[in-house]
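Engineer: Sequence:
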Amino acid sequence: MNPQELQSILSHGLLSFPVTDFDAAGDFNPAGYIKRLEWLAPYGASALFAAGGTGEFFSLAASEYSQVIKTAVDTCASSVPILAGVGGATRQAIEYAKEAERLGAKGLLLLPHYLTEASQDGVAAHVEAVCKAVKIGVVVYNRNVCRLNADLLEQLAERCPNLIGYKDGLGDIELMVSIRRRLGERFSYLGGLPTAEVYAAAYKALGVPVYSSAVFNFVPRTAMDFYHAIARDDHATVARLIDDFFLPYLDIRNRKAGYAVSIVKAGARLAGYDAGPVRTPLTDLSAQEYQMLAALMDKMGPQTL
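For any residue, its number in my numbering is found by taking its place in the sequence shown, counting from 1, and adding 237.
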């Protein structure tokens with residue numbers, strides 16, 4: 238799959254990030270991960286991102302990263318494209334990028350580098366170096382310390398033909414509009430704020446109809462129903478699901494920093510696909526919060542296809 242083919246795929250449909258399975262000892266559990274991917278693949282996501290933020294990329298050792306990407310690529314070879322999360326300092330991100338390409342990932346999600354603040358020019362140089370290290374398509378994630386503006390993204394688009402996507406995790410509407418208007422169809426544009434469904438209607442109005450869903454990990458039918466309601470401007474269904482599910486879900490998620498991942502793993506467990514605990518520095522939901530999520534999921538009914 239060349240970068241332009243991947244860009245076409247990412248321009249439509251729902252995307253998601255499978256959680257990464259750990260066993261009771263906290264080690265990667267490939268059997269559980271395979272089971273999870275086989276369960277989620279038929280629901281109709283356009284692409285899945287392995288070892289992304291929800292997949293706890295930040296907590297994986299290099300050897301585990303290779304296992305996660307290989308397992309995802311091998312399991313989903315005939316069902317759904319796999320993109321791999323990569324990040325960290327430039328040389329580290331390049332190593333991850335080359336490894337993901339070697340293992341057969343169709344593309345990369347370039348996560349923000351960590352800790353170090355940098356100028357716009359420095360971040361752009363980082364993105365360019367990763368893009369030029371591989372041939373597969375790259376999506377850059379504007380979030381936290383990665384804050385590229387329209388001018389630099391336009392320059393990167395000219396220098397890096399395989400930079401094919403922009404994912405927004407900032408929520409800066411003025412910046413999003415300027416990027417969308419400047420770059421036009423050069424990129425695919427992905428909504429990437431936590432619990433993106435809450436922002437989906439607004440982002441669609443900005444010309445960004447595609448987003449990544451974390452809740453697809455445990456209520457995949459509900460996630461797809463919501464996406465289709467957004468796509469067909471079914472405002473009644475969108476409002477109902479926002480009120481009945483997503484706003485109460487946010488009330489739980491926002492109780493503690495890091496719960497954007499923890500609550501998804503709790504949901505996976507409740508759905509019968511236990512992915513094990515989150516790794517430190519994240520913390521799992523309390524027993525009370527777990528029961529609150531269980532009650533909320535029950536309201537959504539069976540998730541069968």
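If you are wondering where the hints come from, they were derived from the structure by calculation, not from laboratory data. Heads up, some of the hints might be wrong.
[What the hints assert, rightly or not] EDC-like, lysine to aspartate or glutamate: derived pairs with alpha carbons at most 20 Å apart: (1) Lys372 x Asp511; (2) Lys335 x Glu354; (3) Lys335 x Asp358; (4) Lys536 x Asp470; (5) Lys493 x Asp521; (6) Lys493 x Asp462; (7) Lys335 x Asp388; (8) Lys372 x Glu354; (9) Lys307 x Glu338; (10) Lys372 x Asp409; (11) Lys536 x Asp488; (12) Lys493 x Asp471; (13) Lys307 x Asp358; (14) Lys369 x Glu332; (15) Lys307 x Glu336; (16) Lys369 x Asp409; (17) Lys272 x Glu336; (18) Lys307 x Glu354; (19) Lys441 x Asp471; (20) Lys335 x Glu365; (21) Lys536 x Asp462; (22) Lys272 x Glu242; (23) Lys372 x Glu395; (24) Lys372 x Glu338; (25) Lys372 x Glu411; (26) Lys369 x Glu391; (27) Lys372 x Asp388; (28) Lys307 x Glu275; (29) Lys441 x Glu395; (30) Lys335 x Asp311; (31) Lys493 x Asp470; (32) Lys441 x Asp470; (33) Lys369 x Glu526; (34) Lys441 x Glu411; (35) Lys369 x Glu411; (36) Lys272 x Asp511; (37) Lys372 x Asp462.
Engineer: If a hint holds in the structure, say so; if it doesn't, say that too.
Structural biologist: Hints versus structure:
1. Lys372 x Asp511: With a Cα-Cα distance of about 35 Å, the restraint between Lys372 and Asp511 is violated, given a limit of 20 Å.
2. Lys335 x Glu354: 25 Å, violated
3. Lys335 x Asp358: 23 Å, violated
4. Lys536 x Asp470: 23 Å, violated
5. Lys493 x Asp521: 10 Å, holds
6. Lys493 x Asp462: The given pair, whose Cα atoms are some 28 Å apart, is violated under the 20 Å limit.
7. Lys335 x Asp388: 28 Å, violated
8. Lys372 x Glu354: Since the Cα atoms of Lys372 and Glu354 sit roughly 28 Å apart, the hinted pair is violated (cutoff 20 Å).
9. Lys307 x Glu338: 10 Å, holds
10. Lys372 x Asp409: Status violated; Cα separation ~30 Å.
11. Lys536 x Asp488: 16 Å, holds
12. Lys493 x Asp471: Violated, at roughly 32 Å.
13. Lys307 x Asp358: Distance ~33 Å between Lys307 and Asp358 Cα, so the pair is violated.
14. Lys369 x Glu332: Satisfied, since the Cα-Cα distance of roughly 12 Å is no more than 20 Å.
15. Lys307 x Glu336: Satisfied, since the Cα-Cα distance of roughly 10 Å is no more than 20 Å.
16. Lys369 x Asp409: Distance ~28 Å between Lys369 and Asp409 Cα, so the pair is violated.
17. Lys272 x Glu336: 23 Å, violated
18. Lys307 x Glu354: Violated - the C-alpha atoms of Glu354 and Lys307 are around 32 Å apart, more than 20 Å.
19. Lys441 x Asp471: 13 Å, holds
20. Lys335 x Glu365: 14 Å, holds
21. Lys536 x Asp462: 14 Å, holds
22. Lys272 x Glu242: Roughly 28 Å separates the two Cα atoms, so the pair is violated.
23. Lys372 x Glu395: 15 Å, holds
24. Lys372 x Glu338: Between Lys372 and Glu338 the Cα gap is close to 8 Å, so the pair holds against 20 Å.
25. Lys372 x Glu411: 32 Å, violated
26. Lys369 x Glu391: 16 Å, holds
27. Lys372 x Asp388: Outside the cut-off at roughly 24 Å; violated.
28. Lys307 x Glu275: 15 Å, holds
29. Lys441 x Glu395: 26 Å, violated
30. Lys335 x Asp311: 17 Å, holds
31. Lys493 x Asp470: 33 Å, violated
32. Lys441 x Asp470: With Cα atoms ~10 Å apart, Lys441 and Asp470 stay inside 20 Å; holds.
33. Lys369 x Glu526: 45 Å, violated
34. Lys441 x Glu411: Given pair Lys441, Glu411 holds - Cα atoms ~15 Å apart, limit 20 Å.
35. Lys369 x Glu411: Answer violated: Lys369 to Glu411 is near 29 Å, above 20 Å.
36. Lys272 x Asp511: With Cα atoms ~10 Å apart, Lys272 and Asp511 stay inside 20 Å; holds.
37. Lys372 x Asp462: Status violated; Cα separation ~35 Å.
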